Amino acid sequence: MPNSDTSADRMARELFDEMARWPIFDPHTHINPRRPAARHFDEILGYHYYTELAHSAGMPVERVSAELDPDTRVANLVEYLDRIDSTVQYAWLLEIARTFHRFPHARITPGTIAGLLDRADHRRDGADWDREVWNSSNLEAVFLTNEFDDSLDGWDTAAYIPCLRTDDLVLKLNEPNTTARLRAALDADVNDLASLRAAIGRLFERFVDRGARACAISLPPDFAPRRASSGQASTSIRKAIHGMDLRPDERDEVRCAVFWMLAEFCAEFRLPFDLMIGPVRNVYPGGVAGGRDLFDRRVSLHDYREVFNHFGNVTFPVSTLAPDAAAELVAYAWIFPNVLPMGHWWYANVPAFIATDLRARLQALPKVKLVGYYSDAYKLEFIAPKFNMYRRILAEVLVDEAIRGRGWPVDQALQLAKLILIDNPKRIFGAVRPRSPVGI
Amino acid sequence: MPNSDTSADRMARELFDEMARWPIFDPHTHINPRRPAARHFDEILGYHYYTELAHSAGMPVERVSAELDPDTRVANLVEYLDRIDSTVQYAWLLEIARTFHRFPHARITPGTIAGLLDRADHRRDGADWDREVWNSSNLEAVFLTNEFDDSLDGWDTAAYIPCLRTDDLVLKLNEPNTTARLRAALDADVNDLASLRAAIGRLFERFVDRGARACAISLPPDFAPRRASSGQASTSIRKAIHGMDLRPDERDEVRCAVFWMLAEFCAEFRLPFDLMIGPVRNVYPGGVAGGRDLFDRRVSLHDYREVFNHFGNVTFPVSTLAPDAAAELVAYAWIFPNVLPMGHWWYANVPAFIATDLRARLQALPKVKLVGYYSDAYKLEFIAPKFNMYRRILAEVLVDEAIRGRGWPVDQALQLAKLILIDNPKRIFGAVRPRSPVGI
Amino acid sequence: MPNSDTSADRMARELFDEMARWPIFDPHTHINPRRPAARHFDEILGYHYYTELAHSAGMPVERVSAELDPDTRVANLVEYLDRIDSTVQYAWLLEIARTFHRFPHARITPGTIAGLLDRADHRRDGADWDREVWNSSNLEAVFLTNEFDDSLDGWDTAAYIPCLRTDDLVLKLNEPNTTARLRAALDADVNDLASLRAAIGRLFERFVDRGARACAISLPPDFAPRRASSGQASTSIRKAIHGMDLRPDERDEVRCAVFWMLAEFCAEFRLPFDLMIGPVRNVYPGGVAGGRDLFDRRVSLHDYREVFNHFGNVTFPVSTLAPDAAAELVAYAWIFPNVLPMGHWWYANVPAFIATDLRARLQALPKVKLVGYYSDAYKLEFIAPKFNMYRRILAEVLVDEAIRGRGWPVDQALQLAKLILIDNPKRIFGAVRPRSPVGI
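Here the protein sequences line up with chains L, X and E, keeping their order.
One rule links them: number in my numbering = place in the first sequence (from 1) + 2.
One rule links them: number in my numbering = place in the second sequence (from 1) + 2.
One rule links them: number in my numbering = place in the third sequence (from 1) + 2.
Among the hints, erroneous ones may be present.
[Said to hold, decoys possible] Pulled a few chain X residues facing chain E out of the computed Cβ check, cut under 7 Å:
1) L55
2) S58
3) R300
Hints are computed from structural coordinates only; laboratory data are not their basis.
Owing to the predicted nature of the structure, the values given are computational and were not obtained by experimental measurement.
Backbone N, C-alpha and C define an ideal beta-carbon position, used for all residues, glycine too.
So here's chain L without its partners, still in its complex pose:
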């Protein structure tokens, strides 16, 4: 059997090795800053990618019930890991086991899990373990996903950067719990459009005061933002706040009006507004926790033209969930100064999809607008393996496109990689008063 190693492979590995030394700036995660690293391996294996893939491969949902103790849950899930061990998600898992826990085996199996559980048990180490993972991953900053009523207390917001997540305000305003949480968070009354606007303004103030660098929202395929006429919206919003039944058009009006209001505050507070377009929630209610959402691929950014035009001074880093919608995002980011192609998200976070998409972004978009990657991680340990996956793809694409294709020297390719991985996201999310949507 011949050696499979080509010179292009070797060059890609050199590029990767260099990138792997760089710090990581991660502009979107679901890390809990009060408990960022996993203290039990169940917090790693419990990631929805593993539970949902194991379930998809035949594991009953009950085997990973939240009511089980962590050791049992791990033991149950491990029985199914061999069914998913060819996936890229499993590759992240193995990299975590090997890197952070010096796992010596080639596979995580019922026979090798006990030792791994021991090695990965950091329940007594507390914050020391968080720091160790942070340092060995060479993390520089990690963006959070904070519910609007998060107190934002108890962590270093220069490392764990707050980010205002607004799904509930836009999509669930008519659920009583939302208004109750809003009132409790602000100790203020919220009765109508005016008091809602005042409340949301105070949320933005609080978040920005605590160092928030982005507002974010995930939006379903049937959402098409438009400027609602304030007279009508006023009535619908009052009905929503008071939990009254809404007609479909009123429900849509509420979503549009609150979304528009958020964009206005993003303009006022100079916050990028991350749009994560596509998910339909609870498509498969019988699934494991976190493994029930899917999408309808029939979406278009054309539905967002009015908001992109109206808010020319708001930066919109956009993620799309349907992998086949990626090419449209390239075109919209090509034309609209305030639309930026953001990471590779969830069902599109698969090397085959990333490689094609990344290639097109590199070929057709201003390099200052490329926001390479975000981990979407729930635990610190996942950040480095996910970024490494992306760095490997980036290295291969740069060898193909830049070095072989255009004769660039290696240094030039690495400079571009650094721009995409670090400089752009830091500038775009960091600049408090940018002169333009790209932050320059």
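Given the coordinates of chain L, work out where chains X and E should sit on it, guided by the hints.
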């Protein structure tokens, strides 16, 4: 001119050579089990891929009329073969000519066709030729496409496995011929919902008794299955059975009700339900036989959420016709335990589309759910060349992803190939009483 | 650092070097035949790809205002070029600077622009420079985009081939200017359906007399051509011609009726009808000139089935704007003899998209139907760099698919390249009385 052969090429060829020795388990074809191999080369060249491509390249439809004698039809078509000799479909043809008929030339032309016709003339060999093709192709089992009124007699159903095709029941119940065929097949009356259900139940019994391993249907893009309320469906179905005019909503109700009923019987009889989503029939009525159907790419599996949820214990091997819909199928097969990505179908059965799709499936899906390929063939001779096309792509993708990308040893890559090509389809379609949709 | 050069790379370069010696037949451009080459570098840098990408990267629109003098405009734009210097569009620019102007530097910057402006100043050379660019690019024929009221005088129509562009007739008939232009162009009255038909007939005569080889139109995603009933269309068209307000259904009827009429004249005059499907105009009104249009990806050629069927003797070279719609075009060109896959257009004219699409076209379509590429250029200088981009991709794909994949000798691969690049477009657009849509 340098040698184009790289070490990755050589390794891919070694993987392919090994796979080419394996038996073929083909879970979807249109083979006629009473006359499976081609006894005249016209049965090869008459495959719609050649007649439609030749017509697309300028050949008048009349040149391949069914009324012509086979030699004339072949002579007519061969005049146009040079216009399509760069296609992958032509590559299958050439492989057939060389492998089965020891065709010595590089091209099939008006000058070389006479010899090929002689070599491929097996009209006197009858079943001997069928056996020779079967053996030299190393076929293990071939799934059929049987109309519901097929008698299922006259062949070895362990080799040629029956499969209940149900398009007519769902899409053409209101055509008088359908009910007449149903009555004739069962020697029973079919007047209303209840007697229709009874009749379909008997069809399932008959098929399962004869070894059927799947129910299959192709569905147009405008079909969105939902549970029809039985009261309404009852009226619409009675109207359909009696050939009365149906309003569009009634027509849709009939389709939904019969489809739902079929899924219920799949659950009861533990048959996988192959969904082949996308074709619009007769888009180009002026085309050659078999070359008139196309699709509307605006489809989404989101339309199937209700059926996937309701029939959690029915296995749905899904094929999508629009190549750009492939990524969505990856996501749905990732989340729903009962949704499996099935082969690469028709307009999507093109190496460029297969390679991207296969890569994503390998990277993101449980390996036990991957059903590699089916030939969709009408004659036995096509099975091996089509499978070889897929095996070549699989070999290249495995070298890239597994061997070069993850450092897997060759044996591990071959084990995965075997799972995808043989073990999974055998288990998924073979298990009579599976414990879960993946058959484990 | 190892050498990145593989034998496949070397072979692709040899194929490219050969293709680069061939003449260019460019079946779609926006060249002004009265002033085809750029006499000032502003005419190069003013191409919408540069102004829109620079604007997208942060440049205010005013910096490239038409009211500025050319030197200032260039100086302004050059400040932003470093933000887009990783794009393929920038690679065209650099190739122009190096090839036509012997630009000695690696980058076009504020520091190097002055020398380039001098070298590229051909204001005194007039038509000599046009000829030099024509000859050094080895151009054979360049198709134009002529408004219907173009006088078609003043150039060699064997080199610069007229092409009747019909967007305004179909999409803007109800704007007073359109009818006024039509009346002025023909010195005839246009009042109703009959006189409109007579006028359009005379346009076709004039264009064909002057050597026109195609009729072309770009169509928005919401356009679905159908045969309008002539009674109704007659009223709507009269209203449109007289500038009266149209209801949406009337507006659509006018579009359909005029489009259908154009197709009838294409049949009568045997002109290919280029369909460029997808753009939505003015999605971003705040953009630079030429950089305001985008698309809605939710389109399907299924909407064109009636016109493809009805006009079986009209050749439709089709371009689609949404890159993800490319696979559907492969299927439609596979089935319909009169549908041809045309070039790679605008937002789809990106190597990552071209490569996948080209691979599928080569694998699945009759080789006589492949119309490789068109430049869409506004200035002659862009034709060679854009064709070179395509030739490089074609060379790589042919090495992969034909030489490595199927063992073709190099000559056979080059013959296929020549068919795609030259022979097919010349035959398809050149034949005055073709026997079939593919011109054979």
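Evaluated hints:
1. L55: holds (6 Å)
2. S58: Cβ of S58(X) sits 5 Å from chain E, so the hint holds.
3. R300: holds (5 Å)
Checked against the numbered hints given earlier, this structure breaks none of them.
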